[in-house]
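Based on the sequences and whatever the hints tell you, model everything.
Residues per chain, in single letters:
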Amino acid sequence: METSTIRSGGIQYVKNFLDPKMALKEFGVLSFLFGKGISVPKPNFLNANNTSFAMQYIQGEKISGTEDELEPILKTMAKYHSIGAKDIKKYLKWFLPSYLDEGKLYSNKLGLNGNFKKMYKKMYDLSDCLVHNDLMDKNLMNDGKNIYFIDWGSAIYGMPQTDLVRIITTFGKLDTPYEETIKQKYNELNPTKNFEEKYSLAKDFQEIKLVAKAMDFATSPENKKEVQKSIELIREKLKC
Amino acid sequence: MLTNDSKKKLIEIIKSGKDSVNYSEKQKKDNQKIEEYRKKRRSLDIFKFAIMYMVSLAILGSGGVYLSQYFDHTKEYNQLKKRNQDLECSVAVRSSLNSLDNFIQLLDKNIQMVNINKNLEPFSNYLDQKDVDFAPYDKIPKGSPTYLEIKDNFIQALKINGKSDVNYDKMPLSQLAQLAREENKKQISDLYKKYGKITHIMGPMKAELNKIEEIQKQNENKLMEQNENYKK
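Protein chains in written order, with the working numbering: chain A, 1 to 240; chain B, 1 to 232.
Errors might be hidden in some of the hints.
[Claimed, not checked] Derived BS3-like pairs (lysine-lysine); straight-line CA-CA distance at most 27 Å:
id, chain 1, residue 1, chain 2, residue 2
1, B, Lys7, A, Lys239
2, A, Lys239, B, Lys8
3, A, Lys237, B, Lys15
4, A, Lys213, A, Lys193
5, A, Lys109, A, Lys203
6, B, Lys29, A, Lys138
7, A, Lys62, B, Lys82
8, B, Lys9, A, Lys62
9, B, Lys15, A, Lys213
10, A, Lys213, A, Lys104
11, A, Lys121, A, Lys86
12, A, Lys193, A, Lys225
13, A, Lys209, A, Lys21
14, B, Lys8, A, Lys109
15, A, Lys36, A, Lys185
16, A, Lys225, B, Lys8
17, A, Lys90, A, Lys237
18, A, Lys21, B, Lys7
19, B, Lys40, B, Lys29
20, B, Lys15, A, Lys109
21, A, Lys237, A, Lys224
22, A, Lys225, B, Lys40
23, B, Lys9, A, Lys237
24, B, Lys18, A, Lys229
25, A, Lys193, A, Lys89
26, B, Lys7, A, Lys209
27, A, Lys118, A, Lys209
28, B, Lys18, B, Lys8
29, A, Lys185, B, Lys7
30, B, Lys40, A, Lys118
31, A, Lys209, B, Lys75
32, A, Lys225, A, Lys122
33, A, Lys213, B, Lys40
34, A, Lys203, A, Lys224
35, A, Lys224, B, Lys29
36, B, Lys29, A, Lys203
37, A, Lys121, A, Lys42
38, A, Lys203, B, Lys26
39, B, Lys29, A, Lys183
The set of hints was computed from the structure by calculation and includes no laboratory data.
Written out as structure tokens, the structure reads:
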């Protein structure tokens, strides 16, 4: 899917897509963020068929998960989360999905209805910024100077807390005493209304996503049982 | 919603699932898919191009056929128009010549009628003659009113058709008659020469025809008056 080639002007990282819409989306988001001064790889060319594009190749490694890295990541997050909803709606909402799309996917997959629908509709109403939506260690490249946010393929129009939950999970601080301090730090950088409500919604949604992902990888009957258990737990909690 | 244990287990499931998948094979499959997709797309592109090419060819072809037909039609139309013009002209010329012939005949008849009407006695012998061209002008006594009238008629006819600078007054009547006849024939042959090949003759021909018609009418009126006088 992804190959790197050497072209004039340095090493280019070429990303291929099956769906032209996806290529267009990622290229669009990268161009938008690069223009806004966010540390993302510079997008260079999009081919005529919209099936692949070339971008700056970042010579670095994925983040190691130390606490020194957390602060610049939170800063960058706050920076791109604070881009006005107007700008995003104007330039990106054409090809950005929302919680409605994701929610429908998971409700079909896990058989969740009722309150779950209400939940993701509420999240949709509270959406006001661009969200990376897949902030794991693999998608954060450290070249020694900067931390680059790569792989914007699953970006959505949503709540900043979604990224926050994901990054806290990545750093292994979820459900630990450090969770609150990280939340506070972020809230200082990008103060938002209804922070706690949004955070809890994002956390719940993240868990549902986790279950949905585990469902894809569960092949043995034991694992399947485990996933089923988790689904039932969620159903109990959401009363649906 | 979920307990920490169940979360850990789920993450383990995901990790073990990811480990069990052979990524190189997966990548190969993905690459194959991409290749297939590209091939499809390329074939679609070629198909589209072929269709566009055919459509453009068809449009160009039909346009060319239409244009050639148009030019053929215009050529034919022009030819027909020319032929039609020629026909019209030739018809006009013929009709004008016919009328000229008629006029000449009438003129001759007029002259003869004048002769007959006014000098019945000396010319009664020649009334039975069919060919009026052989009228014995030499036998008409010189200076007589008949002689003068006939002479006047001839001179008028010659002045209309012939040269205006020739002094016709001194010529004998027979010579005048002959000249008038020759002049008429010349006129006709000239007209044939002039208008036989067909060009834009309608203007000058019409003017001439109008002249002729006027003279014809005048002569007819004269004849009618003379006849009426003669009857009385």
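These are the hints, each one checked on the structure:
A distance of roughly 20 Å separates the Cα atoms of Lys7/B and Lys239/A; the hinted pair therefore holds under the 27 Å criterion. Restraint check for Lys239/A and Lys8/B: satisfied, since their Cα atoms lie roughly 23 Å apart, inside the 27 Å limit. Between Lys237/A and Lys15/B the alpha-carbon distance is near 26 Å, which keeps this suggested pair within the 27 Å criterion. In summary, the hint linking Lys213/A to Lys193/A is not supported, as the alpha carbons are separated by about 30 Å, beyond the 27 Å threshold.
Annotation: proposed proximity of Lys109/A to Lys203/A holds, straight-line Cα distance about 19 Å (limit 27 Å). For the hint pairing Lys29/B with Lys138/A, the CA-to-CA distance comes to about 22 Å; that is within 27 Å, so the pair holds. Proximity of Lys62/A to Lys82/B is assessed by CA-CA distance (about 91 Å); at most 27 Å being required, the pair is judged violated. Proposed proximity of Lys9/B and Lys62/A is supported: the alpha carbons are some 25 Å apart, at most 27 Å.
Simply put, Lys15/B and Lys213/A have alpha-carbon atoms about 11 Å apart, close enough for the 27 Å limit, and the pair holds. Simply put, Lys213/A and Lys104/A have alpha-carbon atoms about 15 Å apart, close enough for the 27 Å limit, and the pair holds. This hinted pair checks out: Lys121/A and Lys86/A have alpha carbons roughly 20 Å apart, not beyond 27 Å. For the given pair, Lys193/A sits about 39 Å from Lys225/A by alpha-carbon distance, which is inconsistent with the 27 Å threshold.
This hinted pair checks out: Lys209/A and Lys21/A have alpha carbons roughly 23 Å apart, not beyond 27 Å. For the hint linking Lys8/B to Lys109/A, the alpha-carbon distance of about 21 Å falls within 27 Å, and the restraint holds. Pair hint Lys36/A plus Lys185/A holds up; C-alpha atoms about 23 Å apart against a cutoff of 27 Å. Annotation: proposed proximity of Lys225/A to Lys8/B holds, straight-line Cα distance about 15 Å (limit 27 Å).
Distance restraint check for Lys90/A and Lys237/A: the Cα-Cα separation of roughly 37 Å exceeds the 27 Å cut-off, and the hinted pair is therefore not satisfied. Taking the CA atoms of Lys21/A and Lys7/B, the gap is about 33 Å. The hint is violated against a cut of 27 Å. Simply put, Lys40/B and Lys29/B have alpha-carbon atoms about 16 Å apart, close enough for the 27 Å limit, and the pair holds. Simply put, Lys15/B and Lys109/A have alpha-carbon atoms about 20 Å apart, close enough for the 27 Å limit, and the pair holds.
Restraint check: the Cα-Cα separation between Lys237/A and Lys224/A comes to about 20 Å, which is no more than 27 Å; the hinted pair holds. For a cut-off of 27 Å, the pair hint linking Lys225/A to Lys40/B is broken: about 41 Å separates their Cα positions. Distance restraint check for Lys9/B and Lys237/A: the Cα-Cα separation of roughly 19 Å lies within the 27 Å cut-off, and the hinted pair is therefore satisfied. Distance hint between Lys18/B and Lys229/A is fulfilled; the C-alpha atoms sit about 21 Å from each other, no more than 27 Å.
Taking the CA atoms of Lys193/A and Lys89/A, the gap is about 20 Å. The hint holds against a cut of 27 Å. Annotation: proposed proximity of Lys7/B to Lys209/A holds, straight-line Cα distance about 11 Å (limit 27 Å). The straight-line distance between the Cα atoms of Lys118/A and Lys209/A is roughly 16 Å, inside the 27 Å bound, and the hint therefore holds. Among the hinted pairs, Lys18/B with Lys8/B is consistent with the structure: their alpha-carbon atoms are about 15 Å apart, no more than 27 Å.
The suggested pairing of Lys185/A with Lys7/B holds, with an alpha-carbon distance near 25 Å, which does not exceed 27 Å. At most 27 Å may separate the alpha-carbon atoms for a hinted pair to count; Lys40/B and Lys118/A exceed this at roughly 42 Å. Taking the CA atoms of Lys209/A and Lys75/B, the gap is about 80 Å. The hint is violated against a cut of 27 Å. Note on Lys225/A and Lys122/A: the hinted pairing is violated, with a Cα-Cα distance of about 31 Å set against a maximum of 27 Å.
A hinted pair counts as satisfied when its Cα atoms are at most 27 Å apart, and Lys213/A with Lys40/B does not qualify at roughly 31 Å. Proximity of Lys203/A to Lys224/A is assessed by CA-CA distance (about 23 Å); at most 27 Å being required, the pair is judged to hold. For the given pair, Lys224/A sits about 26 Å from Lys29/B by alpha-carbon distance, which is consistent with the 27 Å threshold. A threshold of 27 Å between alpha carbons decides the hint, and for Lys29/B with Lys203/A the separation of about 35 Å lies outside it, so the pair is violated.
For the suggested pair Lys121/A and Lys42/A, the alpha carbons sit about 34 Å apart, so the restraint of at most 27 Å is broken. With a CA separation close to 31 Å, the supplied pair Lys203/A and Lys26/B exceeds the 27 Å bound. Taking the CA atoms of Lys29/B and Lys183/A, the gap is near 42 Å; set against the 27 Å cutoff, the hint is violated.
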